[in-house]
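Novice: The chain contents come next:
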Amino acid sequence: MKAVVFDGVVLGLAFGLLGVGMTLVYGLGGVLNLAYGQIVVVGAIAISLLMDDGAPTALAAVVGVLAATALAVLLDLTLMRPVYRQEGEERTLLGLLLTLGAAFVVAGLLNWRYPTGALYINVAGDPVSILGVPMSRGSIWASAIALAVAALLLLFFGATTFGRGVRSVIQDEIGAQLVGINPSSVRTVIFAMSGALAGIVAITHSMSGPLTVTAGFELTVFALIVTVVGGLGSVAGAFLAGVLLGVVNALSVHYIGQYITSVILLGAAALTLLVRPRGLLGR
Amino acid sequence: MGRLGLALAPIAVTAAVLALLPPLWFGDSPYTTSLAAQALVFASYGVGFNLVFGSTNQLFLCVGALAGLAGYTTGILAERTSLSIWLAAAVGTAAAAVVGGLLSWISVRRSLGVIFTGIVTLVFSLAFTNLLLGQRDLTQGETGLVVPQAAADLAEDRVGGYYLFAGLLVAFLLVFRALQLSRAGWAFRALRDDEVAAELSGVDVARYRIYAAAVGSAMIGLTGALYAYSAGFISPATYAFERVDVRVLVLVAFGGLGTLLGPVLGAGVFAFVDERLTESLQLREVLYGLFVIALFLGFRRGIVHTAADLVRRLRARRRPAAVKEQPAAK
Amino acid sequence: MLEVVGLAAGYLGEKVVEDIDLEVETGEAVAIVGSNGAGKTTLFRAIAGLLPALEGRVVLDGRDLTRRPAYRRARAGIAYVPAERHLFPAMTVKTNLLLGAYPRRPDRETLELVYELFPRLKERLRQQAGTLSGGEQQMLAVARALVARPRLLLLDEPTTGLAPIVAQAAFEALQDLKRKGVTLLIAEQQVPLALSVADRGYVLENGRIRLQGTPAELERNPEVRRAYLGVA
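Chains as they are written, first to last, in the working numbering: chain A, 1 to 283; chain B, 284 to 613; chain C, 614 to 845.
The shape of chain A in the complex, shown without the other chains (with noise of 0.2 Å):
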C-alpha cells in the first residue's frame, strides 16, 4: 500500500501544480479556464515533436514550456480581453463559455494535425528505494520538478513584490490600484504563468505514462476538480488538494476501479461546493 500511496503523490504533485494554475487565473480575474488541459496538450505535442526531430529531451521540455505559455499568453490578448470588461458573474459566465469554445476549437486542430500524438518522456535508469519503495526514476524527476517549481512558487508570492502585489489583487482589487498596481497587467502576467505551469504539469505528468492528444478534456477536469476542492483563488488550497486528490486517486484505482474513482472524485467536488464552498483552504 505504501507503494500505491507513493504513486499517488507523484501523480498529486502534478494534480496540485495543474489545480495551482488555474486557481490564481479564477482568484485574480474570476475566470474558470476551460481550455486549461488543451494547453498542456499543446506543451506536449511541441516537446514530443521536438524529441521526434532528435532535439535533446531539456531544449525540448523548455520549448514545450515557452509553446504552453505563448498560447496562453494568446488567449489572454484576445478572449479575456472582452471577457475583463464585464464583471462579477456575467464575467465568469463568459469566461467559461469563451475557453470551452476555445478548447473545442484547440482539441479539433490538435486532433486533426496530430491524431496519434503522444509524449512519453522515458527516464532511463534503474529504480530507485524511498523508504523501501521503489520508485521509477521518471515518478522521483517528476516530483522533484513540481517541488522545486512549487518552492520557486512560494518564494515568489512571499517574498517578491510583484507576487505580493499578486496576492493584493486576489485580496482586494480596488486596494491594490490604490497603491498603484495595475491589475491588467498582474492578470496578463499570471495567465501567461499558469500557462508555463501547464507545460511542466506536461512534462511532469508524461514521465510516468504517455500523455496522449485526447488527454486534453480530461486534465481540465482534473484541474477543476482539485481547484474547487481546494478552494477556488487559494494556492496553497489548490496544492494541498491535488495531493490529496493524487493519493485517493491511486487508493481508489487500485483497490476499487478506473470508474468508480473518477465518480469519487467528482463527488468530492460536488460535495465541496454543496457542503464546505470555500473548499479546504479557501476565504
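Simulated from the structure, these hints should not be mistaken for lab results.
Everything hinted at is true.
Part of the chain A face toward chain C, derived, beta carbon under 7 Å: (1) 164; (2) 168; (3) 172; (4) 174; (5) 177; (6) 178; (7) 181.
Since we're looking at a predicted model, the values are computed, not measured.
Ideal placement from N, C-alpha and C gives every residue a C-beta, glycine not left out.
Starting from the structure of chain A, add chains B and C where the hints point.
Specialist: Using the frame of chain A, we list chains B and C on its own:
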C-alpha cells in the same frame, strides 16, 4: 380566440413545415431523413433546456446525463422486466424529471449561482457517464445496450422515426407555449429579469425554478427515452457531455435563449452545418468551438431575438411622427 | 498642486457631482464638508480615478490625469484612503505597508517615519490586517498611503466607525501630518473636526460646491451654522 390563434400560429406553421419536409425535401434518402430526425431530437432537447436555462436561468450542463438516465432506464427495464417499452419510457422520463427537480432543489437550497449550478451539473454529467461505463453488469458499459422491443419498422423506414420526433417536438412546443402564456410563464420572466424584485412581489422563486427544472428535465428525459426506443441501441457516448450538452447549448443560444422557436431554428441551422462537414469530425469540433466563441462574443441574443429587434426597429421607423410627437405634459 | 476644473461624475451616466472647481496648494490642508449623500465620496473616487470623469479635468502638478486609470494616478502621487479602506485582510500589517510604495519597496527612512506617527502599528507588524480594530485599520490605511510619499493624501471620512475620542485623536494625528508637510484633502461630515485642521474648506451640497472659504469665514456663515453646526 384570436389571441390564442396568434400565439399558436408559429407552432402550427412549424408543424406544417415539418410534416411536409419529407415528401418535398428529403426525397427517398434515408440518410437525409435520419439526419433530420437527429436535428429534431436535438431541437427537443433544446426546448427542455430552454425551459430550464432560457426561462429560469439555471445552467443545467447535464442534458445528456438526464436524457441518458431516461434512455438507460428505459432500456434496462425493457430488457430485464416485463414492462412494455412505453411504460419503461414513462418510468425513465419520471426518473429524469425527479433528478432534474432534485438538482434544482439543491441549487436553490444552497443558493448556488448560475456558475456553481453549472459546475455541479457538469460534475453530475461526468459522474453519470462514469457510472454508465463502470456498472457493466447493468449497462453493458462501453459496448452499449441493445434496447429490446425497439420498433423494427421505425428503424427500417426512417420516416417513421422522423414523424415520431416531429410529433414530440410539436407537443413540446405546445407545452412551452402554454407555460409561457400561463401564470408560471409570467413568474419565469419576472424572476429572470430581477430575482429580488420578483421575490418581493410575491413570486416563489424557488418553487418556480424547481417546477421549470422538473418539466424541462421531463422533456429531455422523454426525448432520451424515445431515442433509445427508436435507435434500438445506446451507449454512454450517445449521451456524453461533449456530444449532447455542447451542441444543445450552442444551438439554443444561437436560436435565441428563452424563445419558442429558437431551439428549432438553431437545430435546423446546425443540421445544415453538420451535413456540410461530414468528412472531418475534428474540423467540425473546431467549427463548433469557433461558433461558441463568435456566439457569445457578438451574436449573443440569437436569431429570434435579433429578428424581433429588427422588426421592432423597422416598425418604429415606418411611423416616426406617431412615435416622436407627444403632447407636452406640464 | 491639484486643480479640479468643471468636474462631473456619477454612476450609470447619471451625474452625482457637477461643476466642481477646486484647488489644493502644496502643503495645504483642504476640507470638503457636506452631509451624507452630498457627493463627497463620488467626488473623491473621481479624483482618484476609480470613477471616470463625465466632464471636466483633474490636473496634478500641471499633468492632466483625467484619462488616466486609478493605478496611474496612485503612481503619479495621489494617495486615496477611502472610507472602506480596502486593506489586504489576509496579509500582515508589515506586508500591507510594504505594498504601499508599489512597484518600489519603501525605504527604511519612510518606514521609520510611519512607525513614529503610528506606534500602535509598529507593535502589530506581524498581525493580519483583517484582525485589527477599526481605529487600527484606519491607521494602517493612512500609513500605507503615506509609505508612497504621495504628493496628495485624499482622506474620505477618516472618522467613520471611530468612537469620538478616537476620532479626535485621528484628527490630531492629521494635524501632525500637516505639520510634517503632507498635503491633505479631507472629506468629512463632522464639520468642526474638519475645520480644526483645514486651511480652507469647500461646502458640497447636492453634488455642487455651494460655498468656500477659510474656516473662520465658513464658521461665520449663517447657512453653515444652521445646516452643519446646529446653531440657530
